[in-house]
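2 protein chains.
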Amino acid sequence: MSVGGVGEFGLIDRVTARLSYGSTVLLGPGDDGAVVAAPDARVVASTDVLVEGRHFRRDWSSARDVGHRAAAANLADVAAMGATPTALLVALCVPPDLETAWAEELADGLGAEAAAVGASVVGGDMSASPTLTIAVTALGDLGGVAPVTRSGARAGDVLALAGRTGHAAAGLTVLSRGFRTPRLLVEAYRRPEVPYPAGPEAARRGATAMIDVSDGLLADLGHVAKASGVRIDVHRDAFEVPRQMRDAAQALGVDPYSWILAGGDDHALAATFPAGVALPDGWRAIGRVGDGAGVTVDGGRYDGPTGWDHFR
Amino acid sequence: MSVGGVGEFGLIDRVTARLSYGSTVLLGPGDDGAVVAAPDARVVASTDVLVEGRHFRRDWSSARDVGHRAAAANLADVAAMGATPTALLVALCVPPDLETAWAEELADGLGAEAAAVGASVVGGDMSASPTLTIAVTALGDLGGVAPVTRSGARAGDVLALAGRTGHAAAGLTVLSRGFRTPRLLVEAYRRPEVPYPAGPEAARRGATAMIDVSDGLLADLGHVAKASGVRIDVHRDAFEVPRQMRDAAQALGVDPYSWILAGGDDHALAATFPAGVALPDGWRAIGRVGDGAGVTVDGGRYDGPTGWDHFR
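Chains A and B, in that order, give the protein sequences. Under UniProt numbering, the first residue of the first sequence carries the number 1, and numbering increases by one thereafter. Under UniProt numbering, the first residue of the second sequence carries the number 1, and numbering increases by one thereafter.
So here's chain A without its partners, still in its complex pose (with noise of 0.2 angstroms):
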């Protein structure tokens, strides 16, 4: 049954029905708004919009998949401030002549990434439209603590990493060489493994700055070093290449460090934390704060791509 079939009413009925809510959801989806509880007295809230062509491709992942990995870029964001999150808001343009089961199984995605985090699918709205879009607003709570923002960093932090990266941009290559192997990196393009609760621990413990990565550390980095006011140091031999993607790269004739350095949509958190601070479970220190500007690898200028523009 196509979506033009059953309708806007219709399609929303299936959808919802699929949800579940959790603790934070005082009322849900059904009425002209959602109500989340906001304990803090603060809401942290994030968009982020995924694009069929240009950020997923339906015969590169499943509907599901396309659900966690739109969930996990909002989560992510929330999780980067230092705060919990409680809720997403999904606004969904898809052809008429969509299958409703690529729709419900895109809710199944979205709504178990949220649960994996406690927070839940609370409202959204439908739309045909020629292109597949998929808008989600992700919602968090602070918990008492002060945002972690870009312009904190100060020179004698420690850049410090949760998470992977280069794991998406590695399957993504993959996958656009026509390959569906190594599992390994194919799976992390398809649904991102994200440290969310590594981004309110870092919080609690002092960080002075946060950014999530997915755009490429690099470029994620050159933002909180423009706003800090600082030079960023990463330190190229705190990564490890796992040998799946060692094996892929030397396979494919890519450096993999342009994956690790340069490569978004693993959702990791980058943070600096005042230095001598013992740096809380799931984070490893990655690079050094300084003074100057801008972003270097071992001291020096980096010369392979640094990052993704959605424009160019």
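Careful, some of the hints might be misleading.
Remember, identical chains collapse to one label, so a pair may be satisfied in a single copy or spanning two.
As the list claims (entries may be wrong) - Below, computed lysine to any residue pairings styled on SDA-like, alpha-carbon distance capped at 20 angstroms:
hint	residue 1	residue 2
1	LYS226	PRO29
2	LYS226	ALA128
3	LYS226	ARG301
4	LYS226	ASP298
5	LYS226	LEU27
6	LYS226	ASP303
7	LYS226	SER2
8	LYS226	PHE9
9	LYS226	GLY299
10	LYS226	VAL297
Just so you know, the hints here were simulated from the structure itself, not pulled from any lab data. On a predicted model such as this, the values are computed, not experimentally measured, just so you know.
Keeping the supplied structure of chain A fixed, place chain B upon it in accordance with the hints.
The following block gives chain B in isolation, referenced to the frame of chain A:
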């Protein structure tokens, strides 16, 4: 200059430079997430998406008009829960050849409509897409009142309306027949006049159910009737047909009540109040709630069109 020429971050810089931030904004755009005040410790959230060719046309509405409409559709949903809007987040998908001025003026319209209710555009995302798409999420604060849902209407309640209906639908019909006047109707389509404060005021005065009229009065009251398990009767003589609407209807061979009863997009608020409650300023009685199911007009079935399904 095209959007593709300035790039994603260039366009974000240009747009955010035009925005201003009210007292609800604790941290605005430029980080992974915004931080918005939620003094009530609950946040109301709603999402609506506008797709070019389906919800707007660039030859019928200026970018600024589209911004006003996109904001209004979302802010009205928040008001219809009884909440005061605090913030908007905007996911914007644009063809790379779009002029940056269009996106900038869209932001002006979004910001101006938000500012009129004390809310601000606090964040967003941008992507290239073949289809110009604007997904907006609105947040709001309940200020200590219970959210007014669709399910609380009771037999004996008075049905009341704040704002107008039929004007935007009439304006859309006029535009679709190639005319640019009457101004009253065309402007109503381009920039809805939403009675935002009437929402929280109705909540404080004990409204039992409330809804934003976006799909058409009878269709939207149908949602209330279904959720509340009641019949809602609309009194046709409660609606005055303005002269410009009557003239346009006659010229185009349309029943003006099809606009008033079934036309969407004015974003009036419809609410039910216990009999005997003095209606707050800006609200007028337009009908009655009774036992039964569905929506009637003057006690009988309405045979005209009743609303809008975005897939049909």
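Okay, the hints, checked on the actual structure:
1. With identical chains, the CA atoms of LYS226 and PRO29 are at most 20 angstroms apart between copies only, with a shortest distance of 15 angstroms across copies and 40 angstroms within one.
2. For the homomeric pair LYS226 and ALA128, neither the shortest alpha-carbon distance inside one copy (40 angstroms) nor that between copies (25 angstroms) is at most 20 angstroms.
3. In this homomeric assembly, LYS226 and ARG301 come within 20 angstroms of each other (Cα to Cα) only inside a single copy, at 16 angstroms, whereas the closest approach across copies is 64 angstroms.
4. Taking the closest pair of Cα atoms, LYS226 and ASP298 come within 20 angstroms of each other only inside a single copy of the chain (19 angstroms); across copies the shortest separation is 65 angstroms, beyond that limit.
5. For the identical chains of this complex, LYS226 and LEU27 are inter-copy neighbours only, at 17 angstroms across copies versus 40 angstroms inside a copy, given an alpha-carbon limit of 20 angstroms.
6. Taking the closest pair of Cα atoms, LYS226 and ASP303 come within 20 angstroms of each other only inside a single copy of the chain (19 angstroms); across copies the shortest separation is 62 angstroms, beyond that limit.
7. For the homomeric pair LYS226 and SER2, neither the shortest alpha-carbon distance inside one copy (48 angstroms) nor that between copies (26 angstroms) is at most 20 angstroms.
8. For a Cα distance limit of 20 angstroms, the shortest separation of LYS226 from PHE9 across copies, 13 angstroms, qualifies, whereas the shortest one inside one copy, 46 angstroms, does not.
9. Taking identical chains as interchangeable, the C-alpha atoms of LYS226 and GLY299 lie at most 20 angstroms apart only when both belong to the same chain, with a minimum of 17 angstroms there against 66 angstroms between chains.
10. For the identical chains of this complex, LYS226 and VAL297 are intra-copy neighbours only, at 16 angstroms inside a copy versus 62 angstroms across copies, given an alpha-carbon limit of 20 angstroms.
Violated hints for the displayed structure, listed by number in ascending order: 2, 7.
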